[in-house]
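Just so you know, the protein sequences line up as chains U and V, in that order. Numbering-wise (my numbering), the first sequence opens with residue 1 and increments by one. Numbering-wise (my numbering), the second sequence opens with residue 1001 and increments by one.
Source of the hints: derived by calculation from the structure; they are not laboratory data. Note that the structure is a prediction, hence the values are computed from the model and not measured. Warning: the hint list may mix true and false statements.
What the hints assert, rightly or not - Which chain U residues stay away from chain V? Per the calculated CB distances, all over 10 Å, these: (1) Gly89; (2) Gly91; (3) Asp214.
Unchecked claim - Coverage of chain U stretches by chain V, computed from C-beta distances (three or more under 8 Å per stretch; other residues unrestricted): (4) 53-60; (5) 147-158; (6) 217-230; (7) 267-277; (8) 301-310.
Glycine residues also receive a C-beta, built at the ideal position from the N, C-alpha and C atoms.
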Amino acid sequence: MSEAVLEVENLRVDFRQPGQLVRAVDGLTYSVDRAQTVAVIGESGSGKTVSSRAIMGLLPPTARVTGSIRFDDVEMVGLPEKVMREHRGRGVAMVFQDPTRSLNPTMRIGAQIREAIQTHGEVSRAAARDRAIELLELVRLPAARERLEQYPHQLSGGMRQRVMIAIALAAEPKLLIADEATTALDVTTQAQIMELLRDLQQRLGMALIMISHDLGLAASFADEVVVMYAGRAVERAPTRKLFAHVRMPYTRALLDAIPRLENASHTRLAAVPGQPPNLALRELGCPFTPRCPNATDHCAEHEPAFEEHEPDHLWACWHPCSDEARL
Amino acid sequence: MSTDGPLLDVHHLVQEFEVRAQGGVRSGVVQAVSDISFALEKGETLGLVGETGSGKSTLARAILQAPRPKAGEVLFEGVDLVKLKGRDLLRARRQMQMVFQDPFGSLDPKWSVARIVEEPLIAFRTGARPERRRRVTEVLDRVGLDPERYGDRRPRSLSGGQAQRVAIARALALDPALIIYDEAVSSLDVLIRAQVLNLLERLRSELSLTYLFIAHDLALVKQVSDRVAVMYLGKLVEIGPAESLYREPLHPYTVALLASIPNPDPAAPRAPVAKTIRGEPPSPIDPPSGCRFRTRCPRAQDVCAAVEPPLRRLADRHYAACHFPVAVDAPAPEASAQEVARAQSGVVAPAAGRTPHQLGN
Ligand SMILES: Nc1ncnc2c1ncn2[C@@H]1O[C@H](COP(=O)(O)OP(=O)(O)OP(=O)(O)O)[C@@H](O)[C@H]1O
Ligand SMILES: Nc1ncnc2c1ncn2[C@@H]1O[C@H](COP(=O)(O)OP(=O)(O)OP(=O)(O)O)[C@@H](O)[C@H]1O
Ligand code: SF4
Ligand code: SF4
Ligand SMILES: [Mg+2]
Ligand SMILES: [Mg+2]
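Please build the complete structure, drawing on both the sequences and the hints.
Okay, here's the thing in structure tokens:
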């Protein structure tokens, strides 16, 4: 058995729409080891959510998934849905951005957690209740016992997100996917929840995929970073290596666009022009060409391959940045 | 009209909302803005941060008299808006514009971009049609949208960044003195956000605008602000020059905010945020006695529950409302000896010269 819990290879997701085909994920390859945290970073529409929904088997019927998703050494693409659900249900859980939409507003917190516990095994009501309290304590929700009787609207946003994490942990997942799980929260609450996720991950030996648009968050919490653009992985490396030796001009642009505390007031941010491409119009060449400061005519015609150019460091670019480069 | 005073001078502003009991939520009065005073100089940018529900938007709306505050004064160019009515208020209001977080929510989907930007000119009966059209072209150009290409488009066909540029163009149409940005770049992607932030900076210097910039991202606020104000549960807890507030935060809540910023340098040392703040925000209905931050503050003492700390000047132009401020380096020239003694009797010795990154991250 390999160290990897999850291996995604050449994953492609197409949405059929009247008169067009949207290629939301285009040849994504990465893997997640046991107890590892991988951050998937990219702008809105880059395919982060669609690729993780593909892993969860949560895409609508209009989606066509090809390539390979191996979870715990079992190939998921092409498996009958029921078998797939069962295998995955036991090993992968997901936490979404908006806890208010994922929780049932008319059901007490306790009942929602018990329901999650009972779908994952035969448990008596009393045992499920005990386990629910245990889970709420695990996610450090104050006054866990009393919370069981409360409804979602009686909790703050941060507390609701803790409940969502408790529900996800009910399955004792080997892999937890957190899709912008802290984006909607206050900065202090975001930091508290991220610290909680990291502790849980280390304590439970769980692998974590953290989906975010925030490279700063990735720098602080991930072991490895995958940067996506227009449905593709464009750069991937262990976190420290990536930040010390950024190669992709797109990653460089993301990093240089983050306001820094050490900047003086009113300093200009390095900003690239334009916006991400329309995924329904597939063009030749590198998708970053119109916005890229390093682009040449060659880039517009030929798509660079996503390859390992330095040990453990993969990127897709004809003219990678040097270590000194800044936009 | 005075010309040498601050552009905006807010005194003891109070805004409250009555809420009715409803499914678990208690009834009572939310003190959304609680006795807040500050001034905004011409050409200055004041950043305003604080967690959700701390009263930032309420403060902004109270300044614009929409709705009118419960108490206090809002002097705009020396004239108290709270006392103005009808036409006079309207005339003052055209000097102040607001840009909101959700660009699509604030743009009428049925209207073309040009019509949206023209709207305030029509509402304020400014100029004849050809003149208004010229103005629309001018401001669209200013925000980097080609009027030929975008004038006829509907909001639906715009990207988030483009839609926000339209909202900014609309705010500029009446040639205001003050623009309030309420989380105006918060929903934009990093790269688009950088473009829009640079645009705001350019407009500010080209048109000598004054900004009140509300956001929850502290690093971003620092980037654009001359001074920064921090709110917690309806109270102004700290206000000061951006440089010194970030280098030497005085209020424990500001310290927690700074410790929460993810540092985009993985090699930087980080201290857990858990050391700087604990627990959950309390209910805005009957907030904690004394200092409202005390239920989450690692430095809280008995006195914090008994006595509300007043906003005190502890360094040059730098004020905080805390009995035991964090970093008081040197006695402020104008602070009384008694004030300084009390400030320095904190449980933790004043930490001199710590940078935000050493405090957190
Ligand atoms: N059900 C669907 N049908 C058609 N297109 C879809 C569908 N779901 C997503 N897409 C498209 O797929 C692309 C990738 O979307 P995805 O939600 O994965 O982006 P993301 O990286 O998660 O962005 P965000 O940061 O905004 O969450 C987008 O262009 C989106 O419009
Ligand atoms: N119209 C209203 N009626 C009742 N309560 C209100 C009203 N508007 C605001 N509040 C309450 O006043 C407090 C301050 O809200 P406000 O929207 O000003 O906060 P904020 O700092 O802007 O938060 P956010 O960062 O979420 O925008 C909150 O407790 C809020 O629930
Ligand atoms: S391949 Fe060319 S356009 Fe694409 S990122 Fe590299 S230099 Fe830029
Ligand atoms: S007054 Fe007391 S409780 Fe409030 S911030 Fe200062 S030390 Fe903390
Ligand atoms: Mg998404
Ligand atoms: Mg607000």
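To see whether the hints hold, each was checked on the structure:
no., hint, result
1, Gly89, "holds, 32 Å"
2, Gly91, "holds, 28 Å"
3, Asp214, "violated, 7 Å"
4, 53-60, "violated (count 0)"
5, 147-158, "holds (count 7)"
6, 217-230, "holds (count 4)"
7, 267-277, "holds (count 8)"
8, 301-310, "violated (count 0)"
Consistency with the previously given hints fails for numbers 3, 4 and 8, ordered from lowest to highest.
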